[in-house]
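Trainee: Residues per chain are reported as follows:
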Amino acid sequence: MSHTQALSSFMGLVIAFTGAYFLYQLLFTPGYESYPGEMTSDLILIVGGVFLIAAVRKDLRKSTTWALMTIGLSTIAGSVYYVFYTTDIMNVALANVYLILSVILVYYSISLIFNTSAGSTKGLICLGILAAVQIVPILYRLYMGDDIVEQIKDSFDRIVRGVAYLVVIFILTRKTMALETLPRRMNRNSNYLYDVTCTPSDAYVDIKDYQKLVDLPEEGWAPCKSGPIESEMVIPLYNTALSIRLQKMRSNEDVYAAFCSGDAESYRVALSVPMRSVKLDEPDESNRGKLRIYGDDGVFVDLMILDYGDQPKGYIGTYRYNSQKAREKRKEKKESQPEDE
Amino acid sequence: MAVNTENRTGVQKAKSGVVYLLAAILIVVGVYELYTIYTANYHDDWGFIDETYSAIIKIIMAEFILFDPKKNVLRAVGFYAISIGITRVIASMRMLSFVSDITLIMGGITLFFGVNILISGYNYLKDTTRGRTGMIVGTGILALMQTIILLFTYETYRMTGVLEYEQIAPSAILLVQYIVLLLILDTEEVRYGTLMEKTNTRVESARVTSTVEKDFNLNKDDADIILNMFTDRSSWEQMEDGPVESETKVKLVDGRIQSWMVLQKWRGSDSIHVTMANDPDGSIIAANRFSVNKVTSEYEGDDLASLRLFSETSLIMQLAVQRPKKKKKQGGEDE
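Those protein sequence lines, which keep their order, are chains B and C.
So that you can map any letter, position 289 of the first sequence is 431 in the numbering used here, and since no number is skipped, the others follow by simple counting.
So that you can map any letter, position 302 of the second sequence is 305 in the numbering used here, and since no number is skipped, the others follow by simple counting.
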């Protein structure tokens, strides 16, 4: 089960359990004063949660839509009575807030189904307000000096509902559960196209790798079982999604530099150049150099040579880079120690 | 083929100036606040805690800006915004503890926009200017609040004749901080950092290396280079070894997104090989490449009007050439 599926299932579980808890209260608590619509609201949560786990957990968009829709419909069912059939001004006002937010929630979940809304941000804002309406009065009373144990006893239902909303918000804001917004989708798509149509000019090959392109190494080639390519060697490029695959051919002595759209299992070759000759501007004292690979028929490739270690990385990036270097050093030290020690 | 040594231009110096300006403001304000903490009498503990934390956070964020290994304007704005965001959230806690309605409302507004600036600032550290408009609005409203406080203080001074420096200093300092942030939020670096702008930059880069706009004009000198590419290459860089005999570059589009034509004459080939790239001094991998076998020209009177580039079999592109500006005679007729 993928991370997304597991989180979707957990979300369904939280929703179903919340419904089950309130239904149990309604049916089995002596003296419980129920109101019309409450049972419907609880049943919607239970059915919605179970359906989410059983049927739609595999699809992120569907599970997000279903979760928002379930909470929205359940809250509408629970609020209608208070809006139209009670006179207590505070209850009517709060129920109106619930109702309006829930209608918006349902609207956004419908727009998610039809793809007219890209992300779940607006739905999350509605959920956040619903959670705040439940939790904030409790926090205010605690702030004004109420006993915390008494508060938990008195407002347990509110706490359950508020926490359930917060858990759903927490789940929907995880990285693996985030629906891409339109700008993010455009950004990702343009990134792919940009790399294969006109490479960023600040793309570079690391200083420790460039010699592999100048003097092809004897070792380090991964053999290919079938096809015209005999063996390959991957050389990473930085500041671009592209990477170089040096390829030795079976049929002749030619070596090709294939610039591929990535190192994953699937990739597209953006450009394949037979390496006829290489011209090198050796890296200077600031570790900056450049090499040019000449192919056939006017095709050439220019590659900047820079030291990856010198490139600005930010605090976290620098820490990670230094940690990785330290790990490599320790590993080297361990390997260089005599075996009999 | 030369390595670009990346000379520091005036623009780059100005950018690093902005970074140091933000750090300097935070340090000055932080040190001033520390000074006032030990000279003022606080009526409540929270005031003392609020001021102390605010001062320390500002100084820490200034250090983060100064010692940032990836120092740039976006990240400096990010740290600056985080310091403002955190200090506003802390300040709002104090305001929310008041019973007065107006202070409560101001506390709520400060908390909301403080959190907004804090989240936006964090995003700036990841080189994406999320919610720039929201941040401008938020900072603007906070600046407006301080302006109103200053105006009220001034009106009180006009009515009573009493003006205490301690009353106006915090608002004035905050106002300066907000104004600096507002100004920097409108700089090019921040404007072009949004996801949509980044997307647009990439699409624009692809466009300028793939095609030319219909109103594009080649300047006269570059047009001459292209027109004479088969007859006179004396101005081109001559290569002693390698497959390329001579090479030159022609700038097609000048602006934020540039486009260049790298023209090459290869040994043993009659064609001129063209590679269109964004930066001929940087890496060139995937690019728009074609070979030119013939160039023709059109004239308007004596002026070169356009060039046509042909491959062996077909037309590749037509490029208009800038005409010299015609002087107008006194009567308004063209000369």
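Hints listed in this document are in silico derivations from the structure and should not be mistaken for laboratory results.
Please note: incorrect hints may appear among the correct ones.
[Stated by the list, open to error] Here are the simulated EDC-like cross-link-like pairs (lysine to aspartate or glutamate), alpha carbons at most 16 Å apart as the crow flies:
{"id": "1", "chain 1": "B", "residue 1": "Lys455", "chain 2": "C", "residue 2": "Asp130"}
{"id": "2", "chain 1": "B", "residue 1": "Lys421", "chain 2": "C", "residue 2": "Asp306"}
{"id": "3", "chain 1": "C", "residue 1": "Lys73", "chain 2": "B", "residue 2": "Asp423"}
[What the hints assert, rightly or not] Calculated Cβ distances over 12 Å to all of chain B for the following chain C residues:
{"id": "4", "residue": "Tyr35"}
{"id": "5", "residue": "Ile151"}
{"id": "6", "residue": "Ala172"}
{"id": "7", "residue": "Val215"}
{"id": "8", "residue": "Val247"}
{"id": "9", "residue": "Phe313"}
Ideal placement from N, C-alpha and C gives every residue a C-beta, glycine not left out.
Trainee: Hints first: check each against the structure and report whether it holds.
Mentor: Taking the hints in turn, this is what the structure says about them:
no.: 1; hint: Lys455/B - Asp130/C; result: holds (12 Å)
no.: 2; hint: Lys421/B - Asp306/C; result: violated (41 Å)
no.: 3; hint: Lys73/C - Asp423/B; result: violated (27 Å)
no.: 4; hint: Tyr35; result: holds (27 Å)
no.: 5; hint: Ile151; result: holds (27 Å)
no.: 6; hint: Ala172; result: holds (31 Å)
no.: 7; hint: Val215; result: holds (14 Å)
no.: 8; hint: Val247; result: violated (7 Å)
no.: 9; hint: Phe313; result: holds (15 Å)
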